[in-house]
Amino acid sequence: MGEVEKVFISGLSEKLTEDKIITEKDLDSEFATEIIRYGGKDVMTCLQCGNCTGVCPISLKIEYKTRTTIKYCQFGMKQHTLNTRWVCATCYRCYEHCPADLNPAEVMIALRHIAIREGIIPPFVKAAAANLMQFGLTVKPDEAMIKERVKMGLPDLPQTKPGWSQVRKEVVAIIEATKYDRLLGITSKEGVE
Amino acid sequence: MTQPENTTDSKSSEKEAIGVFVCHCGTNIGGVVSCEKVAEAASKIPGVVVSKDLKYACSDLGQEEIRKAIKEKGVNRVVVASCSPRLHEFTFKKCVEGAGLNPYFMHMVNLREQCSWVHMKQPEMATAKAIDLVRMGVERSRLLTPLSPREVTVEKSALVIGGGIAGIQAALDIGEKGFKTYLVEKEPSIGGHMAQLDKTFPTGDCAICILAPKMVEVARNPNVEIMSYSEVVDIEGYVGSFKVKIRKKPRYVVEDKCVGCGVCAEKCPVKVPNDFDCGFGTRRAIYVPFPQAVPLKYTIDKENCLYFKTGKCQLCVKVCVNEAIDFKQEEQIVDLTVGTIIVATGFDAYVPLRRGVYKYWEYKNVITALELERLINAAGPTGGHLVRPSDGVEPKRIAFIQCVGSRNIKLQHKYCSRVCCMYSIKNSQIIMEHSPDAEIAIYYNDIRAFGKGFEELYHRVREDYGVEFIRGRPAKLTKDPLTENITIRAEETLLGKITEREYDMVVLAVGLTPAAGTGPIQKMLSLPVSDDGFLQESHPKLRPVETAIEGVFICGCAQSPKDIPDSVAQAKAAASGATTLMIKGKHIVEPLCATVTPELCLGCGLCTDVCPYKAIDLLDKDGQTKAVVTEALCHGCGTCAAACPQHAIAQLQFTDQQIASEISAALGMNNGAKDSAGGA
Amino acid sequence: MTYAYFFGCVIPSRYPGIEYAVRWVTGKQGLNLDVVDIPEFSCCPVPGIFYSTDRDTWLALAARNLCLAQRGKMEVMTVCNGCYGSLLKATEYLSEPKRMGQVNKVLSKVGMKYTGIAEKGEGTRRIFRPVSVRHFVDVIHTDGVMMELAKGIKKPLSGLKVAVHYGCHYLRPTEHTAIDDANDPVKVDDIVKVLGAESVDYEDKLACCGAGGGVRSHVVELANALCEDKFKNISSENADVIVTPCPFCLLQFDNSQKTFTKRGIPVVHVAQLMAIAMGADVGKLGLELHNVSCNPLLAKIGMVPK
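Protein chains in written order, with our numbering: chain A, 8 to 200; chain B, 307 to 986; chain C, 1251 to 1556.
Honestly, the hints are just simulated from the structure, not real lab data. No residue lacks a Cβ here, since even glycine has one placed at the ideal position from N, Cα and C. It is possible that some hints are incorrect.
[To be verified] Label pairs and their computed distance ranges (CB to CB):
| hint | chain 1 | residue 1 | chain 2 | residue 2 | range |
| --- | --- | --- | --- | --- | --- |
| 1 | A | Lys158 | C | Ile1377 | 42 to 50 Å |
| 2 | A | Gln86 | C | Gln1279 | 58 to 66 Å |
| 3 | A | Lys158 | B | Gly802 | 27 to 35 Å |
| 4 | C | Thr1252 | B | Val578 | 51 to 59 Å |
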């Protein structure tokens, strides 16, 4: 009750703005096609039944709703989906329950592809890719863990052996061949060989 | 019937005189193709004696030109270069026949759909193509054969398979028109699923109250013979004379002696769950499925009857004053010949998955809509008092979940079942009438209230009864372990919020699936089936009750999900189609069939394996096995002709030679010795 | 059938105890399966990052790993749901000839070519089947191996209440994974039963732990919130230990619980639990490296905590 009182008794709590209408210039008509190009199925078949949101563990916790993201994709509201691209846990429950056989998780993946290509790159992605180029693994070997491995009698980590430089070279070669490094703006020279 | 034999002999010994008629079709063809040029080029082809271009070949004027050419110029092969044969083939055949020429000497070349309409921007190339097409047509026309259609007699009797509302209406109509009708129903009584319903939408008419008079009427009709507790086991033959085998299952009660008094059932000690009440009620081992059953004859359920299981009891025998019980009764096989068949086998309700999202098999208080119909029906197991299965208490908060088993690609039920929105709306009205303080929510994806009075009812339940419509597909159902109340979690899409609400009972609005009994009938008749599993009609718009098999009609939910008025309308339509055949007493079969040259046939049987219509059989002819075509069943698909390793089978009007002649003409090669008039 | 160990990135560098457990259980002292190491395996690559940002790169890196198994005609045995999902999906993408061609163009730069494993066809025709990728649980849950497991139990874990967390990429999407029924999985529960413990049923057993898809790396509060839900459901059944076939889920449970509870439930990998029951040296399983102390678990089964 408190909020409503505030609005009506002491005046508007929101600022007056220009007419809040969305017109074609706010929309991107090619958005749905772009999503198909990056692996999402055709979002236009979505009936907006809301089953995906109902089973989504993320939708329970934050404002984000799976169905609404798909709606924005249908509509071409590219800007509105910018901040929701990295909260999907890809648990695929949405795909299991969708009656129209769509895969909202794959649509989120397609949105991530689009975001990356627009320069929106979360730091952890860059870090992991840089690690891969530097170490051949996305997780840096931990000195303390290497000691533990010796205690357990486990074989040496392949990364600590001389043959690993070949693996690293191959991984780097692949990343450079697909131009992934340029996409993310990282180089293999970021770390020590 | 002494009809001339149809062969591949093109009678090319007579001198051919080909007439070519190139139609402008207004500007449809003439606007792109130069018809004058085409007619001129055609006139130069050897054997062509008349070559004209016409503004509208199908008009009276145009047809008169064609007739004149036949009568006055001696034209004996006609090539009409115009639109698709699907439109005017019949017109031109009749025109040619009217001038005294065998209609199968008329050949159509498609210059519209296959030329002018697809090459609108390229008139010169279109004209060149048209000239080629006409030349191909002329070459083929040299090889056309004079065929004569077949006539088969049509028995003046019909078989209706399925005794639900559609089958009953069809049988009634045919019986009224004076034709003998056999109405076969596998349950002990006719009535089908409609007898299970409480009230019908949109008016609220009690289902059995409007159905029972029809059931009585059809039983009373002198032309209708109801064969209840019977199944069709085999169908052979073709339109006009279908040979049907029906198995009458033993009731162990003599129908002529049973008067339906019910004393036997009162005494019977065995109680089993009642299928009619969806397992909520019970019946005895000797039973009628419901009080208004037609015929009102008792039936003994052999699997549960104590006498059959242990040899004891026989209480029913002791109390039956008419001595109607006969444990020794055996099944009877009845052989019938009928002229037409109507398939009205109806639907089965969708059964929700085990371990599915809606937990139908795990939570007692989740029921299907058909079960709800029995619970709110005054003649049902609870006397019309809605109680919930877990504790028998009246539920106050009820949720309906729509589109269960329908509109779901993952389940391979892509279709909409058409009736569920309305029956949920109707049921919510009934429940609110009984308990005005109930709270009802309907979880929907779309509300389809398309028919007469439907939208008005939809409005009424919102306005007068406060039924809440929640747009969202429920994602999760959980049960309170103590109260057994069900909580539904769903995203309410119109609110944009995920909500959880508790209900006393949940009703799943299950969809309609093809009835289990339809499958065997479909196989017996080789009826095509649509993508959704229901029987397929000849044409979705213009021929909704006919099938690809002549003389066989479909109606009601066997064809696709629908409500009662639509089933009745289709039943009447199917009856009309069947009686049209039977009134005429005969049926013309198009002669475009396969034909076997016995001398070449080895009797290998490959053709019988590939024929989709069971129209070709291996028969013994003078000590040799030869393939023989049943023309009335043959659809002229040509599969047997293509499969025959001996080239012993030809598809009339589409023989290898006829097609090859067109190909040669297209490639600019002359057809061997045929570049002069006549010649063999 | 020879299996090639695929340990991924998390196990060797963060939870080497799981590696020890897997080697012990599948090795000569345990079930004696035919297993080899391929030291040239790189990151699978992790789907939350690579599959999310560039499918072509992801596929090429995955194909490189598959080529290594292809050389030796082995089946890849993964011990992680993420690696399983990533490599299995890669084999499906690679079954399209066009895709395979594109990937091989990239792989040619490192002198590799993915073809699948050749099987003898008719005459000179050779048929290639995709490289087979199996999850450790699936390998164990075959009739012969389960019987061996039952025979090899030295220390039945009677009285231990186990909450099984399957993890998302083991279960879904069903058309790809198909190890187990997505609504009613049983394989890990069966293994737990064979070990003598009790697998408790808890509310929303098949829910996500919250770590995957980059969520833990990007918005860790959200990941923790999902983990808290799982914790609440599990602890209301009084489970002694959480068992999972995925080290990333394990990492999540191990690190997330301290953000919302002081009395966390220990979490172990299926292989570690198997190793304990089969009589391995508990000290070598790296349980002391887990953030949530495993001492309550050891105490419950009558072992001295380290």
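Query raised in the report: Between Lys158(A) and Ile1377(C), does the C-beta distance stay in 42 to 50 Å?
Result: holds, 47 Å
Query raised in the report: When you take the CB atoms of Gln86(A) and Gln1279(C), is the distance between them in 58 to 66 Å?
Result: holds, 59 Å
Query - Pairwise beta carbon distance, Lys158(A) to Gly802(B), judged against the given window 27 to 35 Å - result: violated, 55 Å
Query raised in the report: Has the hinted range 51 to 59 Å been met by the Cβ atoms of Thr1252(C) and Val578(B)?
Result: With a Cβ separation near 58 Å, Thr1252(C) and Val578(B) satisfy 51 to 59 Å, so the hint holds.
Checked against the numbered hints above, the structure violates only hint 3.
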